[in-house]
Amino acid sequence: MKARIELRDVAKSFSDREGRPVPVLTGVSFSIDAGGVVMLEGRSGSGKSTILNLIAGLFRPDSGEIIIGDTRMHELGEARRDRFRAREIGYVFQMFNLLSPLSSLENLVVPLALAGGLDPDGRARARNILVSLGLADHLEKRPYELSVGQRQRVAVGRALLKRPAVLLADEPTANLDRESAAAVIDALRALVASGTTLVAATHDPVFGQAFDALRYNVETRGVV
Amino acid sequence: MSHPRIGPALLLAVRYLNARAFATAVSIAAIGISLLLVVSISVINFAVKKTAVEGAIRYPLIVGPEGASSVQLIFSTIFHIDKPTGTIPFSVYEQLSADKRVIASYPIAVADSVQSYPMVGTSAAFLKDLGVGLVSGAIDFSKPENAVLGAEVADRTGLGLGDTFHGTHGAVGDEAAHVHEEIAYHVVGILEPTGGPEDAAGYTSYETVWRIHGVAADHDAQPESPSENTGDGHDKYHLSSGRLTAVLVRTANPVYTGQLERELTLAPGTQGVDTGRAIRRMVGYLNKGEKLVEVVTAVTLAIAVAMILVTLVMSINERRRELALLRSLGVGRLTISLIVMFEALVITVFGAIIGVGGGHLAVWWAEVPIQASLGVSVEPWVWTELESFAVCVTLVAGQLLAMAGMIWTYRMNLVEEVAKD
Numbered sequence: 001m002k003a004r005i006e007l008r009d010v011a012k013s014f015s016d017r018e019g020r021p022v023p024v025l026t027g028v029s030f031s032i033d034a035g036g037v038v039m040l041e042g043r044s045g046s047g048k049s050t051i052l053n054l055i056a057g058l059f060r061p062d063s064g065e066i067i068i069g070d071t072r073m074h075e076l077g078e079a080r081r082d083r084f085r086a087r088e089i090g091y092v093f094q095m096f097n098l099l100s101p102l103s104s105l106e107n108l109v110v111p112l113a114l115a116g117g118l119d120p121d122g123r124a125r126a127r128n129i130l131v132s133l134g135l136a137d138h139l140e141k142r143p144y145e146l147s148v149g150q151r152q153r154v155a156v157g158r159a160l161l162k163r164p165a166v167l168l169a170d171e172p173t174a175n176l177d178r179e180s181a182a183a184v185i186d187a188l189r190a191l192v193a194s195g196t197t198l199v200a201a202t203h204d205p206v207f208g209q210a211f212d213a214l215r216y217n218v219e220t221r222g223v224v
Numbered sequence: 225m226s227h228p229r230i231g232p233a234l235l236l237a238v239r240y241l242n243a244r245a246f247a248t249a250v251s252i253a254a255i256g257i258s259l260l261l262v263v264s265i266s267v268i269n270f271a272v273k274k275t276a277v278e279g280a281i282r283y284p285l286i287v288g289p290e291g292a293s294s295v296q297l298i299f300s301t302i303f304h305i306d307k308p309t310g311t312i313p314f315s316v317y318e319q320l321s322a323d324k325r326v327i328a329s330y331p332i333a334v335a336d337s338v339q340s341y342p343m344v345g346t347s348a349a350f351l352k353d354l355g356v357g358l359v360s361g362a363i364d365f366s367k368p369e370n371a372v373l374g375a376e377v378a379d380r381t382g383l384g385l386g387d388t389f390h391g392t393h394g395a396v397g398d399e400a401a402h403v404h405e406e407i408a409y410h411v412v413g414i415l416e417p418t419g420g421p422e423d424a425a426g427y428t429s430y431e432t433v434w435r436i437h438g439v440a441a442d443h444d445a446q447p448e449s450p451s452e453n454t455g456d457g458h459d460k461y462h463l464s465s466g467r468l469t470a471v472l473v474r475t476a477n478p479v480y481t482g483q484l485e486r487e488l489t490l491a492p493g494t495q496g497v498d499t500g501r502a503i504r505r506m507v508g509y510l511n512k513g514e515k516l517v518e519v520v521t522a523v524t525l526a527i528a529v530a531m532i533l534v535t536l537v538m539s540i541n542e543r544r545r546e547l548a549l550l551r552s553l554g555v556g557r558l559t560i561s562l563i564v565m566f567e568a569l570v571i572t573v574f575g576a577i578i579g580v581g582g583g584h585l586a587v588w589w590a591e592v593p594i595q596a597s598l599g600v601s602v603e604p605w606v607w608t609e610l611e612s613f614a615v616c617v618t619l620v621a622g623q624l625l626a627m628a629g630m631i632w633t634y635r636m637n638l639v640e641e642v643a644k645d
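These protein sequence lines map, in sequence, to chains A and B. Each residue of the first sequence is one higher than the one before, counting from 1 in the working numbering. Each residue of the second sequence is one higher than the one before, counting from 225 in the working numbering.
Derived by calculation from the structure, the hints in this document are not laboratory data. Computed from a prediction, not measured in an experiment: that's the story for all the values here. Treat the hints with caution; some may be incorrect.
Stated by the list, open to error - Incomplete in silico selection of chain A near chain B, CB under 7 Å:
1) L58
2) D82
3) R85
4) A86
5) A115
A virtual CB, placed ideally from N, CA and C, is assigned to each residue, including glycine.
One chain only, chain A, in its complex shape (with noise of 0.2 Å):
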């Protein structure tokens, strides 16, 4: 599936201690055809990884429209969120992102077995992607004995296992260094290359450049 991202007036707020609404998003509108790459850009604690999270399903906006080629994203329950989150996106974490008591390879492949989207020759084409990422010398190591660098490039690998129609991306390279980060470039252009929609907010130039992609601001909710 290639997938066209759109959002309309999307608008979010969370509770705070008291139980107050805190606004984090108002009024986000952009869209993006299939293949595209959108940049998100702002501050720290502008809402960026919250559009993300938005666009993933794992929130509902309390207002707007978010529509992922012909799917409304605000309008679906929570199980037809996680079915389609686990069929249509991939989503690389700047940390928190592999799961502790697995090998490298089982990362990649667990986590798409559990959601129900593993091919039969998965479990191979995990091998090879880990491999053309670097790290045919660390399939069967736990993410504690990996180095930063390659825990991410075992994330994204994680994503281009699943072939998504759209991979969310929050600081995928920060905290690598420049080989590491050029290695996950590589790949994510790679996948952006084969169709997937990239949407990723990043605060590294290298990255955010890499890429010819839409820059929205969030602060300014504008297209850059």
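With chain A held as given, fit chain B onto it using these hints.
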């Protein structure tokens, strides 16, 4: 949920358990030890009750010296544990043999042992009526030195057909015990294993016991004293000619059992014991003990389960972020809950397997000391009702634990965890 998700969920559950190996081991051990205790106690109890009931059916009446407790008399005569409580005249046996209310009666004279197993002086009829087959040889008491060994005795002492051995007067370990050099027993038969007390005894004729104790087997020369109760030291095991430690009696019907019990108890120097009634009382005590074990088991398991629940909830909280990661990757609440449920189930199932297996293994390992101290041959691999109860309680508790963990996880708002980043 589709079937292919169960394998990876189980894998992840096992990996999480492995990651906190110590807590997992303690949890499994808590369940295992609770079950191990109840299983081993229930298997031993089962063996004691089975042997007692079989003994009561076979010999409804035991006649022994007055003054001894009925349980002690049963233990020394049927189970071959505990020491003889004194002696009675051989004439009691003769009178009972002539009594029309009696189908069969068997003299019992115990004074010696072979490597801690008692040598029972009796009649050939006793062994023949026992209905136990022979592995080799014959039941032949025609010569005074002839002896027939129970299966356990032959196995543990290494004695075989044609071998000779000397008996020890008194129990092994007693200061007064000494080897009888006067006569060497000659093994003429080895009984098949029965799982009963006869496995753990050697048999010879009662005349041989008298002969070994220095007096010819002339019961006409018996002393007039109706009873020789035991004293300390050597005299405890002294068996005069013409005296027996007990007589086992099979009566024509229960009414006669009651009549004979009363008559013999009223007679000077003797007492009759209605075996069935005494055994029922003993089994009643054992059942009360089992009830207590059931309660202790339930409480212990409840504590173990509560401890595991606390550990599980703590571990779930510790990995909220990883569970949230799974959610963000599209893994549903139910699948994540399943992982937690598997963790609880793996602990209880492994605990149950270790407890049940360990309980039976412990009984198997302690088979000989149990036989020596309780006089019963335990069947280490027998499955008892109490064991079924304990296993059911464990598995139900485990299932409840799993459900609690599952519900706890299902209700967690893991998405909030994602929002923290």
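Here's how the hints hold up against the structure:
1. L58: With a closest approach of 5 Å, the A/L58 hint holds.
2. D82: holds (5 Å)
3. R85: holds (4 Å)
4. A86: Check passed: Cβ of A/A86 comes within 3 Å of chain B, closer than 7 Å.
5. A115: This interface hint holds because 4 Å falls under the 7 Å limit.
Of the numbered hints stated above, none is contradicted by the structure.
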